[in-house]
Amino acid sequence: MTVAENIADRVSRRALLTAGLAGGFLLAFHLPVRAAVNEPVQPPDVTDGKFAPNAFIRIDVTGHTTLVMPQVEMGQGVYTSIAMILAEELDADLKQVTLQHAPPNDKLYGNPTFGLQVTGNSNSIRAFWKPLRNAGAGARAMLVQAAAQQWQVEPASCTTANGEVTHKESGRKLSYGALAAAASGQTPPKDVPLKDPKNFTLIGTPLKRFDTPDKVNGKVVYGIDAMLPGMKFATVAACPVFGGKVGKVDDSAARKIPGVQQIVVLDDMVAVVGDHMWAAKKGLDALKVTWDEGPNARISSKDIWQDLRAASEKDGAVAKSIGDIAKGLATGEKLEAAFELPFLAHATMEPLNATVHFKPDSCEIWTGTQIVSRVQAEAAKAAGLPVEKVIVNNHLLGGGFGRKLEPDMVVAAVRVAKQVDGPVKVVWTREEDIQHDVYRPVYRDTIAATLSDGKIVGWKYRVTGSAILARWLPPAFQKGIDIDAIDAGADMPYDIPNFHVEYVRAEPPAVPTGFWRGVGPNNNVFAVECFMDELARKAGKDPVEFRRSMLGKKPRLLAALNLAAEKSNWGQPLPARVGRGVCVQPSFETFIATVVEAEVDEHGEVQLRRVTSVVDTGIAVNPDTIKAQLEGGLIFGLTAALYGEITIDKGRVQQSNFHDYRMLRIDQTPKIEVHVVKSGEPPGGIGETGVNAGPPALRNAIYAATGVALRRLPIDRALISAGKKA
Amino acid sequence: MATTLTINGEPKSFDAPAEMPLLWVLRDVLGMTGTKFGCGIAQCGACTVHVDGKPVRSCLLPVGAVRDRAVTTIEGIGASTAGAKVQKAWLDLEVIQCGYCQSGQIMSAAALLAATPNPDDSDIDAAMAGNICRCGTYVRIRAAIKQAASGRQS
Chain Y
1 MTVAENIADR
11 VSRRALLTAG
21 LAGGFLLAFH
31 LPVRAAVNEP
41 VQPPDVTDGK
51 FAPNAFIRID
61 VTGHTTLVMP
71 QVEMGQGVYT
81 SIAMILAEEL
91 DADLKQVTLQ
101 HAPPNDKLYG
111 NPTFGLQVTG
121 NSNSIRAFWK
131 PLRNAGAGAR
141 AMLVQAAAQQ
151 WQVEPASCTT
161 ANGEVTHKES
171 GRKLSYGALA
181 AAASGQTPPK
191 DVPLKDPKNF
201 TLIGTPLKRF
211 DTPDKVNGKV
221 VYGIDAMLPG
231 MKFATVAACP
241 VFGGKVGKVD
251 DSAARKIPGV
261 QQIVVLDDMV
271 AVVGDHMWAA
281 KKGLDALKVT
291 WDEGPNARIS
301 SKDIWQDLRA
311 ASEKDGAVAK
321 SIGDIAKGLA
331 TGEKLEAAFE
341 LPFLAHATME
351 PLNATVHFKP
361 DSCEIWTGTQ
371 IVSRVQAEAA
381 KAAGLPVEKV
391 IVNNHLLGGG
401 FGRKLEPDMV
411 VAAVRVAKQV
421 DGPVKVVWTR
431 EEDIQHDVYR
441 PVYRDTIAAT
451 LSDGKIVGWK
461 YRVTGSAILA
471 RWLPPAFQKG
481 IDIDAIDAGA
491 DMPYDIPNFH
501 VEYVRAEPPA
511 VPTGFWRGVG
521 PNNNVFAVEC
531 FMDELARKAG
541 KDPVEFRRSM
551 LGKKPRLLAA
561 LNLAAEKSNW
571 GQPLPARVGR
581 GVCVQPSFET
591 FIATVVEAEV
601 DEHGEVQLRR
611 VTSVVDTGIA
621 VNPDTIKAQL
631 EGGLIFGLTA
641 ALYGEITIDK
651 GRVQQSNFHD
661 YRMLRIDQTP
671 KIEVHVVKSG
681 EPPGGIGETG
691 VNAGPPALRN
701 AIYAATGVAL
711 RRLPIDRALI
721 SAGKKA
Chain H
727 MATTLTINGE
737 PKSFDAPAEM
747 PLLWVLRDVL
757 GMTGTKFGCG
767 IAQCGACTVH
777 VDGKPVRSCL
787 LPVGAVRDRA
797 VTTIEGIGAS
807 TAGAKVQKAW
817 LDLEVIQCGY
827 CQSGQIMSAA
837 ALLAATPNPD
847 DSDIDAAMAG
857 NICRCGTYVR
867 IRAAIKQAAS
877 GRQS
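One line per chain: the protein sequences are Y and H, in this order.
Just so it is clear: in the first sequence, position 202 is 202 by this note's numbering, and no numbers are missing.
If you want this note's numbering, it's the 1-based position in the second sequence plus 726.
If you're looking for bench data, these hints aren't it; they were derived computationally from the structure.
Check each hint, because a few of them may be wrong.
[What the hints assert, rightly or not] Here are the computed lysine-lysine pairs in the DSSO-like style, where the Cα-Cα straight-line distance is at most 27 Å:
| id | chain 1 | residue 1 | chain 2 | residue 2 |
| --- | --- | --- | --- | --- |
| 1 | H | Lys-738 | Y | Lys-219 |
| 2 | H | Lys-872 | Y | Lys-219 |
| 3 | H | Lys-872 | Y | Lys-95 |
| 4 | Y | Lys-219 | H | Lys-814 |
Model the full assembly from the supplied sequences, consistent with the hints where possible.
And the structure:
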């Protein structure tokens, strides 16, 4: 915990951040593997003589309060929100609070939705809202009991604030530090009452983040910044063809590069180890590797799409069926469409990395991961050591977006480190990062719907694509249904009497697929919301009006839509070739309506003019974080809609860096307004919601501006330019 | 052969080949990890530092080309008026999310304000378009630059 202590030495009046973690993928469903974790009475394994009433809170005799973060900080602001929830119920003194990354321990720090220590699926606050409040309130109650006992008064006659217990009548006060020892001897109370939300003093306020002060001055330490005495630096290259192996290696030129120390050849990748990354990179450039490309060397995007389209014509496993779909589809006017989404890379700004010090009887790792316990387990396997011999030091993440829900970068680093004497930092080049990602899958969604009297009477929707959960969390894949793949498709918000959703599992050959910020709803919100606009046009209705008429059972979403329409000047005249597009979504238990205004030129180039989002996420723990996640998520999604596509040729990814895997930049960024609706409902998920909102709203704006109904992403400028109308 | 550079006003000596990019000297030789590796081809701006006050991408700048010019990194930018204003505005407006690109963003913004004390939107676009933020903090970056320029308090 040297990181923590160093920070503590030089802190401001703000709460301190001490050790390392990541976040950003949360699922809108509860998995069948849900385990009982985070019971607030459960003591942590190491307390060091502190008052440690549960796994999240430690208070020492000076009153210094350490809050252990069960979810990781990837930029989504969750460290601050978690600390706010704990501190709210604990009535902690924020000036004495330090945050600490949780060590690997599923039992103590597992996310209740997964039963695993994972940060994802916009699930941190949703899943931990109650456990953290219980933990804070339970600890507070024990401190109050200890004080009341000492004063011989009723606990109910005591109050708490800012890390102190006060006996109102006598005016006596004791700090939490002074009570720490006595509180440790208290029996944890059961069913402690939680605060009435109207008495919240932290939750609901735009508190400044705890992790940002060190991010403006270079002091923050990400995994890639780990520095150890005697450390060496390495970079890796896997076979450019997925699944290929190393054939022959000629290292004569590489060894001559100054600073190169060692060439590590594994069966599927090579690494060059040097005095610094520059030597490692130069060495890798000079290394002559003949790859045994294997059977995937013939695979191309064309084949992958051909297979996916064929698979999407088959019947799927039925995920949901309401009413009589055959009757529904035989009624009224029918419209059909298919929507297609490409492979996407994550491209976290912090390139993949792990620092490993392997010894015969132990292995220590420094990295930033969304799955610290799984990383420990997989590293142990790779190291050939028992799990308890593997120490994982987690860090703040320079972006996660789902990429760091995979352990591969750590496993690779351990395999390299096993052949290196002393600690080695393994950093992937951006090219390796783009070409050996675990990609957002390609999806194809087919929809048939019927209209009668201006309303949808039948809706048959089939999702075809990877079952990521079947690989990532096998118990969650049941009866042929990947609940992530259909998320926001099977539970789309519109009230339709005859409704039928199917899923076809289709794994692309060779290309590894995984979670990408926004997960299943990315695909489904896009298809559903794009098709809604086509149906509205067929029905001769305004897109907002058309949606309103079917949102009767979703009052929170309807209210968000109404406000978004008002704030975006929906319906007001616009210049030629400018359009507004709308998207509504109920994903992650958060209700969002978004309007994108865009201009399209005759070449099909799109300029974003304005984005308006209204979000009802229930209780907004930190409203400024909610806004920030929407602003950033929208940019993330719009980036994908405008540019994002990974293509495959000869078994290889064709893109390699930011010149050909483009990102939206500041000069293309529109004005973004986010309106947060006040609500007393439990908190919903937020980290991924903006990502889902941007693409369909943009596509619908293009549709409004040009009449061209795009059905694939990224947007096809040639199609827009040709002006072919749907 | 030892090279000496003035970094954040202090002389720093090290052994490195002249063609080695400044980025790796800073990070791996001197242990100054505030400057970030993002792409290695001057496309993302995460590695931005100042050389004689001008923003440069250190991932492609050979250390031999720096010679006796003054290098400023994120660790030292707070000592300049523009840098301190930018850091403050970044915190006041809570610009930062993951923060990995922000060293580079702040270095680009500080250079902009030092050269153009009251930048308009097109000045901001020109100065900042070389810096990618994957978290999408651009809206707040723009607002924070304007706040830093005007000296307004949040």
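Checked hints:
Only pairs whose Cα atoms come within 27 Å are accepted, and Lys-738 (chain H) paired with Lys-219 (chain Y) is accepted, the gap being roughly 19 Å. Of the supplied pair hints, the one linking Lys-872 (chain H) and Lys-219 (chain Y) holds, its CA atoms being roughly 25 Å apart against a limit of 27 Å. As the CA atoms of Lys-872 (chain H) and Lys-95 (chain Y) are separated by approximately 31 Å, the hinted pair breaks the 27 Å bound. Only pairs whose Cα atoms come within 27 Å are accepted, and Lys-219 (chain Y) paired with Lys-814 (chain H) is accepted, the gap being roughly 15 Å.
Hint check: a violation occurs at hint 3 only; the rest are consistent with the structure.
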